[in-house]
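**Q** With this note's numbering as the guide, the letters of the sequence shown map in order to residues 78 to 261.
Some clues are possibly wrong.
Unchecked claim - Pairs of lysine-lysine residues, derived as DSBU-like cross-links and limited to a Cα-Cα distance of at most 30 Å, are as follows:
#1 Lys114 - Lys103
#2 Lys145 - Lys208
#3 Lys247 - Lys236
#4 Lys114 - Lys254
#5 Lys145 - Lys103
#6 Lys243 - Lys208
#7 Lys243 - Lys254
#8 Lys254 - Lys236
#9 Lys208 - Lys246
#10 Lys254 - Lys115
#11 Lys145 - Lys115
#12 Lys208 - Lys236
#13 Lys141 - Lys115
#14 Lys103 - Lys254
#15 Lys141 - Lys103
#16 Lys103 - Lys115
#17 Lys114 - Lys141
#18 Lys236 - Lys246
#19 Lys141 - Lys236
#20 Lys114 - Lys145
#21 Lys247 - Lys208
Derived by calculation from the structure, the hints in this document are not laboratory data.
Only a predicted model underlies this, so the values are computations on that prediction, with no experimental measurement involved.
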Amino acid sequence: VEGVHRFLARVWRACEAGLTDDAPTKEQLRALHTCIKKVTTETEEMRFNTAIAAMMEFVNAVYKWPSKPRAALRPFVLLLAPYAPHIAEELWAGVLQGGGAGTLAYEPWPAHDEALLVQDSVQLPVQVNGKVRATLEVARDIDQAGAVAAALAAPNVAKHTSEAGKAVKKVIFVPGKILNLIVG
78 VEGVHRFLAR VWRACEAGLT DDAPTKEQLR ALHTCIKKVT TETEEMRFNT AIAAMMEFVN
138 AVYKWPSKPR AALRPFVLLL APYAPHIAEE LWAGVLQGGG AGTLAYEPWP AHDEALLVQD
198 SVQLPVQVNG KVRATLEVAR DIDQAGAVAA ALAAPNVAKH TSEAGKAVKK VIFVPGKILN
258 LIVG
C-alpha cells in the first residue's frame, strides 16, 4: 500500500509542478506513445502489474523533462484512470484542465502512433579484431562507409588502428547492430 501511495504522489507532483502549454518535444512524444502502447497491450492481456510498471517508467521520464507540456500528460492521465480513477479525475478536472467541460470517463482511450516509436539514432558497438573498443551514437540508416568513417574518428578505435600503424583489412557491418574492423 505504501508503494502505491508513493507512486500516486509522484504522479500528482509530476502533473502539478512546471506545467506548460508548449508543444511536446519529439523525445517526450516518444516516451508518451511508448507508454500508451505498453499500457494498452498489457491491459488488454490482463497483465496489470506490467501496465503499471510502464506508467512508472513514464513518470520517471517526466521527472527528467525540463518542462512538462499538458498535451503530453493528459493522455497519460487517461491511461491511469482505470487503475486509479479518483486521482485521475482530480488531475483531469483540476491540474491539467482536461480540455473543457466533462469527466474523463467520456474521453476516448488514447491511441499510440507507430511513427513516433521509431528512434532516429542507434547505439552502434564498434569492434576492432573482435574486441569492443567503442560505442557510437549514429543515425539509424547509416551506411557502411559512414559507420567506418565515424568509427575511425573515435579516439579509442583510432588508437587500435591508424595510430598503431595498422590498416583495416576487412569490414563486417550489420546495419544498426555492429561494426567489426579487422586490422593487421
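**Q** Where does the structure disagree with the numbered hints, that is, which hint numbers, in rising order?
**A** As far as the earlier hints go, 2 and 19 are violated by this structure, in ascending order.
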